[in-house]
Amino acid sequence: GAGVSQTPSNKVTEKGKYVELRCDPISGHTALYWYRQSLGQGPEFLIYFQGTGAADDSGLPNDRFFAVRPEGSVSTLKIQRTERGDSAVYLCASSLVGQGVRTDTQYFGPGTRLTVL
Amino acid sequence: DQQVKQNSPSLSVQEGRISILNCDYTNSMFDYFLWYKKYPAEGPTFLISISSIKDKNEDGRFTVFLNKSAKHLSLHIVPSQPGDSAVYFCAASFYNQGGKLIFGQGTELSVKP
Numbered sequence: 006g007a008g009v010s011q012t013p014s015n016k017v018t019e020k021g022k023y024v025e026l027r028c029d030p031i032s033g034h035t036a037l038y039w040y041r042q043s044l045g046q047g048p049e050f051l052i053y054f055q056g057t058g059a060a061d062d063s064g065l066p067n068d069r070f071f072a073v074r075p076e077g078s079v080s081t082l083k084i085q086r087t088e089r090g091d092s093a094v095y096l097c098a099s100s101l102v103g104q105g106v107r108t109d110t111q112y113f114g115p116g117t118r119l120t121v122l
Numbered sequence: 019d020q021q022v023k024q025n026s027p028s029l030s031v032q033e034g035r036i037s038i039l040n041c042d043y044t045n046s047m048f049d050y051f052l053w054y055k056k057y058p059a060e061g062p063t064f065l066i067s068i069s070s071i072k073d074k075n076e077d078g079r080f081t082v083f084l085n086k087s088a089k090h091l092s093l094h095i096v097p098s099q100p101g102d103s104a105v106y107f108c109a110a111s112f113y114n115q116g117g118k119l120i121f122g123q124g125t126e127l128s129v130k131p
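Same order as they appear, the protein sequences are chains A and B.
Just so you know, we're using the numbering used here here: the first sequence kicks off at 6 and counts up by one.
Just so you know, we're using the numbering used here here: the second sequence kicks off at 19 and counts up by one.
Derived from the structure by calculation, the hints contain no laboratory data.
Predicted model only: the values in this text are computed from it and were never measured.
Some hints here could point you the wrong way.
Said to hold, decoys possible - Which chain B residues face chain A? A few, computed with CB under 7 Å, are given here:
hint: 1; residue: Q21
hint: 2; residue: G34
hint: 3; residue: Y50
hint: 4; residue: Y57
hint: 5; residue: P58
hint: 6; residue: E60
hint: 7; residue: F64
hint: 8; residue: P100
hint: 9; residue: G101
hint: 10; residue: F107
hint: 11; residue: G116
hint: 12; residue: K118
hint: 13; residue: G122
Built from N, CA and C at the ideal position, the CB exists for glycine as well.
Turn these sequences into a full structure, and let the hints steer you where they fit.
Here it is, written out as structure tokens:
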């Protein structure tokens, strides 16, 4: 079956612009996660959705970052007034159950590489 | 504050030999640990996990060892194959924190034929 897909695969924007990054999780997965990976680092947690609601947004770095999942499936990560420091690979993952179930594997998409000039 | 650390950015091993990747953590509240493998231009894929109530978990060529007193875990790959060449991330999670994973910086493994 189809895995997690993310669009676009690459996004180049100018400082100060607004961007939207899209994630299509595996069908039927109730939990969805966003992570950010900077060069030479591991993925860093941003936000976690259980269904339509954000269960944990403690990783969002500031109020320029916002994410939605209005129908409990596709999610969009929105970044306002982009800064050069926002340049990174943004990864999305989904899992079947979520809710902290330990054996619930997170499946990652290929990521969106964001470059802010 | 790096709660999960992989201090070796790279490791080179001969095909057929053992690869040992190490990971240290600082937070004793972590109760579940995972290893992910990542190829270029792909997302990380789950490899193996271990609960804090165990000290070893094995799956085929892959074994994870957990030493809670030392706050250390390691991934052993035996025998190593060229297709194992990738970046390996260890990750940890807390009970009652949803599925939020805290990742290390990664170790790039190169298996030479």
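Results for each hint:
| no. | hint | in the structure |
| --- | --- | --- |
| 1 | Q21 | 11 Å, violated |
| 2 | G34 | 29 Å, violated |
| 3 | Y50 | 5 Å, holds |
| 4 | Y57 | 10 Å, violated |
| 5 | P58 | 10 Å, violated |
| 6 | E60 | 5 Å, holds |
| 7 | F64 | 5 Å, holds |
| 8 | P100 | 22 Å, violated |
| 9 | G101 | 19 Å, violated |
| 10 | F107 | 5 Å, holds |
| 11 | G116 | 5 Å, holds |
| 12 | K118 | 5 Å, holds |
| 13 | G122 | 5 Å, holds |
Hints 1, 2, 4, 5, 8, 9 from the earlier list are contradicted by this structure; the remaining hints agree with it.
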